[in-house]
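Chain by chain, the residues run as shown.
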Amino acid sequence: MTQKHSAYAGTMLFFLCSTILWTGFLWPLNTWAQTDSTKKATQLKEVQIREYRLTEQSKSPTPLQILSSEDLKRINSLSVADAIRYFSGVQLKDYGGIGGLKTVNVRSLGTNHTAVFLDGVQVGNAQNGQVDLGKFSLSNLDEIALYSGQKPELLIPAKGYASASSIYLKTKAPDFEENQRKQVELTLKSGSFGLINPSLIYRYKVSENLSASINTEYIHADGKYKFRYTNGVFDTTAVRNNGDVERFRLQALLFGKFKNGKWHAQAYSFLSDRGLPGAIVSNRFDFTQRIWDRDFFIQGSMEKKLSDRFSILINGKYGYVYQRYLDPDYVTTTGFLDNRFKEQEAYLSFSGKYKINSVWEAAYAADYSYQTLDANIYRFPYPNRNTFLNVLGSSLTLKKLTIQANVLSTTVIDQVKLYSSAGNKQVFSPTVMLSWKFLNNQDIRIRAFYKDIFRMPTFNDLYYTFIGNTLLNPEYTKQYDVGITYFKNFNDKRIKFIDFQTDVYYNRIIDKIVAQPGANLYRWIMYNIGLVNIHGLEINAKTAFEPCNALVVNIALNYTYQKAVDVTSKQEETYRDQIPYIPKNSGSFLARIDYHNWHANYGFIYTGFRYNQKANNIYNYMEPWYTHDAAIGYEFKLKNGSININGEVNNLLNQYYDLIPNFPMPGRNYRLTLNYKL
Amino acid sequence: MKHLKFTINILFLVVLASCRKDPKPLPSEISRLEPEPTSAVKGFYLVNEGNMNMNKASLDYMDLVNGIYTRNLYNQVNPEVTKGLGDVGNDIGRYGSKLYVVVNVSNKVEVLNVKTGKKIGQINITNCRYITFNNGKAYISAYLGKVGDPKAPNGIVAEIDTATLSINRTVEVGRQPEEMAIIGSKLYVTNSGGYSPPDYEHTLSVIDLPSFNEIKRIEVAINLHRVKADRYGDLYVTSRGDYYSIPSKLFVIDTQTDQIKKVFNIAAGNLVIDDDYAYIYSTEWNYVVGKNKISYNMINVKDETIMDRKFITDGTEKDIKIPYGIAVNPTSKDVYVTDAKDYVTPGKLHCYSSEGRLKWSVTTGDIPAHIAFIN
Numbered sequence: 002m003t004q005k006h007s008a009y010a011g012t013m014l015f016f017l018c019s020t021i022l023w024t025g026f027l028w029p030l031n032t033w034a035q036t037d038s039t040k041k042a043t044q045l046k047e048v049q050i051r052e053y054r055l056t057e058q059s060k061s062p063t064p065l066q067i068l069s070s071e072d073l074k075r076i077n078s079l080s081v082a083d084a085i086r087y088f089s090g091v092q093l094k095d096y097g098g099i100g101g102l103k104t105v106n107v108r109s110l111g112t113n114h115t116a117v118f119l120d121g122v123q124v125g126n127a128q129n130g131q132v133d134l135g136k137f138s139l140s141n142l143d144e145i146a147l148y149s150g151q152k153p154e155l156l157i158p159a160k161g162y163a164s165a166s167s168i169y170l171k172t173k174a175p176d177f178e179e180n181q182r183k184q185v186e187l188t189l190k191s192g193s194f195g196l197i198n199p200s201l202i203y204r205y206k207v208s209e210n211l212s213a214s215i216n217t218e219y220i221h222a223d224g225k226y227k228f229r230y231t232n233g234v235f236d237t238t239a240v241r242n243n244g245d246v247e248r249f250r251l252q253a254l255l256f257g258k259f260k261n262g263k264w265h266a267q268a269y270s271f272l273s274d275r276g277l278p279g280a281i282v283s284n285r286f287d288f289t290q291r292i293w294d295r296d297f298f299i300q301g302s303m304e305k306k307l308s309d310r311f312s313i314l315i316n317g318k319y320g321y322v323y324q325r326y327l328d329p330d331y332v333t334t335t336g337f338l339d340n341r342f343k344e345q346e347a348y349l350s351f352s353g354k355y356k357i358n359s360v361w362e363a364a365y366a367a368d369y370s371y372q373t374l375d376a377n378i379y380r381f382p383y384p385n386r387n388t389f390l391n392v393l394g395s396s397l398t399l400k401k402l403t404i405q406a407n408v409l410s411t412t413v414i415d416q417v418k419l420y421s422s423a424g425n426k427q428v429f430s431p432t433v434m435l436s437w438k439f440l441n442n443q444d445i446r447i448r449a450f451y452k453d454i455f456r457m458p459t460f461n462d463l464y465y466t467f468i469g470n471t472l473l474n475p476e477y478t479k480q481y482d483v484g485i486t487y488f489k490n491f492n493d494k495r496i497k498f499i500d501f502q503t504d505v506y507y508n509r510i511i512d513k514i515v516a517q518p519g520a521n522l523y524r525w526i527m528y529n530i531g532l533v534n535i536h537g538l539e540i541n542a543k544t545a546f547e548p549c550n551a552l553v554v555n556i557a558l559n560y561t562y563q564k565a566v567d568v569t570s571k572q573e574e575t576y577r578d579q580i581p582y583i584p585k586n587s588g589s590f591l592a593r594i595d596y597h598n599w600h601a602n603y604g605f606i607y608t609g610f611r612y613n614q615k616a617n618n619i620y621n622y623m624e625p626w627y628t629h630d631a632a633i634g635y636e637f638k639l640k641n642g643s644i645n646i647n648g649e650v651n652n653l654l655n656q657y658y659d660l661i662p663n664f665p666m667p668g669r670n671y672r673l674t675l676n677y678k679l
Numbered sequence: 002m003k004h005l006k007f008t009i010n011i012l013f014l015v016v017l018a019s020c021r022k023d024p025k026p027l028p029s030e031i032s033r034l035e036p037e038p039t040s041a042v043k044g045f046y047l048v049n050e051g052n053m054n055m056n057k058a059s060l061d062y063m064d065l066v067n068g069i070y071t072r073n074l075y076n077q078v079n080p081e082v083t084k085g086l087g088d089v090g091n092d093i094g095r096y097g098s099k100l101y102v103v104v105n106v107s108n109k110v111e112v113l114n115v116k117t118g119k120k121i122g123q124i125n126i127t128n129c130r131y132i133t134f135n136n137g138k139a140y141i142s143a144y145l146g147k148v149g150d151p152k153a154p155n156g157i158v159a160e161i162d163t164a165t166l167s168i169n170r171t172v173e174v175g176r177q178p179e180e181m182a183i184i185g186s187k188l189y190v191t192n193s194g195g196y197s198p199p200d201y202e203h204t205l206s207v208i209d210l211p212s213f214n215e216i217k218r219i220e221v222a223i224n225l226h227r228v229k230a231d232r233y234g235d236l237y238v239t240s241r242g243d244y245y246s247i248p249s250k251l252f253v254i255d256t257q258t259d260q261i262k263k264v265f266n267i268a269a270g271n272l273v274i275d276d277d278y279a280y281i282y283s284t285e286w287n288y289v290v291g292k293n294k295i296s297y298n299m300i301n302v303k304d305e306t307i308m309d310r311k312f313i314t315d316g317t318e319k320d321i322k323i324p325y326g327i328a329v330n331p332t333s334k335d336v337y338v339t340d341a342k343d344y345v346t347p348g349k350l351h352c353y354s355s356e357g358r359l360k361w362s363v364t365t366g367d368i369p370a371h372i373a374f375i376n
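In order, the protein sequences belong to chains A and B.
In terms of the working numbering, the first sequence opens at residue 2 and continues consecutively.
In terms of the working numbering, the second sequence opens at residue 2 and continues consecutively.
Derived from the structure by calculation, the hints contain no laboratory data.
The beta carbon of each residue, even a glycine, is placed where N, CA and C say it ideally should be.
Certain hints may be false.
Keeping only pairs whose Cα atoms sit at most 20 Å apart, straight-line, the calculated SDA-like set for lysine to any residue is [unchecked claim]: (1) A:Lys543 / A:Tyr607; (2) B:Lys187 / B:Gly234; (3) B:Lys22 / A:Glu624; (4) B:Lys25 / A:Tyr230; (5) A:Lys543 / A:Ile485; (6) B:Lys119 / A:Asn284; (7) A:Lys400 / A:Asn284; (8) B:Lys349 / B:Thr39; (9) B:Lys99 / B:Gln77; (10) A:Lys227 / B:Pro24; (11) A:Lys638 / A:Leu679; (12) B:Lys25 / A:Tyr657; (13) A:Lys571 / A:Gly531; (14) A:Lys678 / A:Gln181; (15) B:Lys147 / A:Asp330; (16) B:Lys22 / A:Asn586; (17) B:Lys349 / A:Asp330; (18) A:Lys94 / B:Asn54; (19) B:Lys25 / A:Tyr379; (20) A:Lys173 / A:Ile299; (21) B:Lys147 / A:Asn284; (22) B:Lys22 / A:Gln181; (23) B:Lys116 / B:Ala230.
Covered stretches of chain B, going by a simulated chain A footprint (3 or more residues, C-beta under 8 Å) [stated by the list, open to error]: (24) 32-44; (25) 71-82; (26) 99-107; (27) 147-156.
Next up, chain A with everything else stripped away, as it sits in the complex (with noise of 0.2 Å):
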């Protein structure tokens, strides 16, 4: 009864605010509509946009994917989650259905070991280390950039530097035509799993120099498929239950420029209630867990060039994080086990870059963090967080080489209300890297980075009641990478551009932590035991082409090969199994026609067999999956604005799959979308 009422609130909420944004916002409208040449200036525009990103890829000393707000518009996705399955060296950890977690782990090293960044600042979560990538749309997103290793760039934030790999979220900023002041887009996504997803976007420029941009989406969905499980003998077909979602997300934001600088500003807020779809198990499919999330957070960014060789850059966030856990089969002397858990966290953050002479910088950054978590949970020690991260760093650019090194040092100061604290920590941690152009008339690079980084023991690793231990290290990581970039663009052929990738790296985990049985089942404890080496290959390949005037194909390629071994200890009968989650193949494939107005896609994810226990043997053994994603749109002007109509078929040949065991992936599904754009 609570639930039907809550639903209903949001979806009143929801239809409230709307309600609100239009009225106020189409009332003064001026009349705006995009004519044959603001198109063709549109066209010149992406295909400079795209030179300039695929020549980034290609100089950028550390591997960079990119999707660029074309792509991320075209691919059947609805969250950041769905988008980062095509990138090479990625799994996607997803409990399945829209509700449910998504964490990415990049090269094996684990999902703590990746950073998240949402417009320059980092998407921290204290208490497990894991950022839900299916909490982020992607309706108002430019771009998605994931880094193996870091941000190739010295003005960026010293938390840029502190995590094994990045991956940074752009959200559009406001870019008005001339004469246009406004701009406003609604989108309705409507298909399975009963999903009704409208959103809204309007940009406003208030002046020449501050632009502003609201956008508002609210998810509503039952969460039901259908799911099979069969072993040839036993051949069950259920509908997944406790899968609803309803969520509402508000982003405010504001551009301003200024002499030799800008800035940004932005208030984001992400209210959330969903059913916690468990396990499916022999004689039991059905669930009656909740969570419910308020995240709220307000950040800005402000870069400014003090000289001719001086800039600086400055940023700021406050955010809170509130979620609640109800589980019903679990009967407390007080009721249901009902946990609630806040986290908080301050951070600010300076950078400064200068130039000595032409081709040699130096560049300096310092972050502070305040972390704190409560939970109404016994024994809970109230723990919060110090962290000061100091970086120096420099780059040498000469014609052919670029070379940049920087040491990080943190310092981690714990402290606790009750019961004891893990203490002080201080680590230095280097990274090294290099991009040469070795031949004159050919855009071939060689690059290779070395970088040494480590996670903190997050706060449930350290403190979570009967399993966090306050003696534990950090997990430490070495990546050492070689690789192969071509790019080459072809202005007015029929082959648009080559663009060619390749990697190989090896990785090693030092004391990785790892749950381990304490002195019972009711008392598992974190250790600092494994150790996990990683050989991997990595192929990215793009090109497009016109084989007729008027039809354009994109074609992008991705293969990923890893040998990820657990070398813990030859006493095991493990000793070197590949560890759980990690398949030895994989890779992807996405195609883009354009004609006209018509566009179409096609999209193919492959990940191969993996065990999902240590051991590698029968009993843990899982099946490769496979998925195509096809989808056909087509886009017609108005008189005022256009309409974008994109109708997508995912898993096209309902594969039933498992990403993790007996959490079903859905089969076969729909989506329907309607993009009006002002």
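For this one, chain A is given, so just place chain B on it according to the hints.
Relative to chain A, chain B alone:
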């Protein structure tokens, strides 16, 4: 041309290897061990708990006479059961010609033909924990009496008719009841209260079997778990403590007076009583070194003293990472100890002779735990 053909063949192989296979029931695996042709006990079943949410509870069978250990027997014999034995096998018991496997997260008790392992029936009980038998009835403890009632934290014991496999009667006991033991016409069940730390239960519920009423609760200690009856009318009860400041202990209850008769300050993780001996292993968490301290003890239940004798005497106990299950062969007095290792790899079953020497070891399923003998 030859090259092309070769390439095509290779490509074809790669494509084939990367595709999904036809689904098949998970196979059994066999290990050969030393046969004991004269063994009076034919063999035993072993339940591997499997990790929660993994649906990896499995049933192994040891044929002592022929020396054949079969892993994962259940799926081979019962391929038609949807998703197999289920999630977290918590107990096993044999009564007459039937074998009962309690599967905790799957909310069921599987009833199998003891000779073949073939499924005969199923009893659905939410959050069921342990099973014991008496006089044509099976008694099953379960954490939850009423589903979906926030004001009903108490557990139950359910009485099952072993002929019809239906629930006869249920009785409410304390919170999160665990093991049970029967002496005379009374059933004793340990209450743990593990869902509401630090508000643990601290009693043993006494149920009068004819009326199936809870007639009293005996005060013992917090967070009770194991209870085993000896042949002198005493109960051996373990307390888990609170995992922090209150240590785990072993208590002896005299069922004539319903009073604590003796306290052993050992962290008894599990115990089994055979004739006059109790075989005990204990796992104690040591805060200073951040490691478990494991020890193995024997108690003479006749005079209630810790014995000098050990049931592992050849030093091989150091190969056991986490002892997780224990059983004593009622005729040969061989001792079987399971090792759950790190819980996420297949475990081991070790057999020690009555003199305490390692006879054999075999790989089991994940988290080997509970054993039922077949004669």
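These are the hints, each one checked on the structure:
{"no.": "1", "hint": "A:Lys543 / A:Tyr607", "result": "holds, 18 Å"}
{"no.": "2", "hint": "B:Lys187 / B:Gly234", "result": "holds, 11 Å"}
{"no.": "3", "hint": "B:Lys22 / A:Glu624", "result": "holds, 8 Å"}
{"no.": "4", "hint": "B:Lys25 / A:Tyr230", "result": "holds, 11 Å"}
{"no.": "5", "hint": "A:Lys543 / A:Ile485", "result": "holds, 14 Å"}
{"no.": "6", "hint": "B:Lys119 / A:Asn284", "result": "holds, 17 Å"}
{"no.": "7", "hint": "A:Lys400 / A:Asn284", "result": "violated, 67 Å"}
{"no.": "8", "hint": "B:Lys349 / B:Thr39", "result": "violated, 25 Å"}
{"no.": "9", "hint": "B:Lys99 / B:Gln77", "result": "holds, 18 Å"}
{"no.": "10", "hint": "A:Lys227 / B:Pro24", "result": "holds, 18 Å"}
{"no.": "11", "hint": "A:Lys638 / A:Leu679", "result": "holds, 10 Å"}
{"no.": "12", "hint": "B:Lys25 / A:Tyr657", "result": "holds, 15 Å"}
{"no.": "13", "hint": "A:Lys571 / A:Gly531", "result": "holds, 12 Å"}
{"no.": "14", "hint": "A:Lys678 / A:Gln181", "result": "holds, 13 Å"}
{"no.": "15", "hint": "B:Lys147 / A:Asp330", "result": "holds, 10 Å"}
{"no.": "16", "hint": "B:Lys22 / A:Asn586", "result": "holds, 16 Å"}
{"no.": "17", "hint": "B:Lys349 / A:Asp330", "result": "violated, 33 Å"}
{"no.": "18", "hint": "A:Lys94 / B:Asn54", "result": "holds, 15 Å"}
{"no.": "19", "hint": "B:Lys25 / A:Tyr379", "result": "violated, 45 Å"}
{"no.": "20", "hint": "A:Lys173 / A:Ile299", "result": "holds, 17 Å"}
{"no.": "21", "hint": "B:Lys147 / A:Asn284", "result": "holds, 18 Å"}
{"no.": "22", "hint": "B:Lys22 / A:Gln181", "result": "violated, 58 Å"}
{"no.": "23", "hint": "B:Lys116 / B:Ala230", "result": "violated, 28 Å"}
{"no.": "24", "hint": "32-44", "result": "violated (count 0)"}
{"no.": "25", "hint": "71-82", "result": "holds (count 5)"}
{"no.": "26", "hint": "99-107", "result": "holds (count 3)"}
{"no.": "27", "hint": "147-156", "result": "holds (count 7)"}
Consistency with the previously given hints fails for numbers 7, 8, 17, 19, 22, 23 and 24, ordered from lowest to highest.
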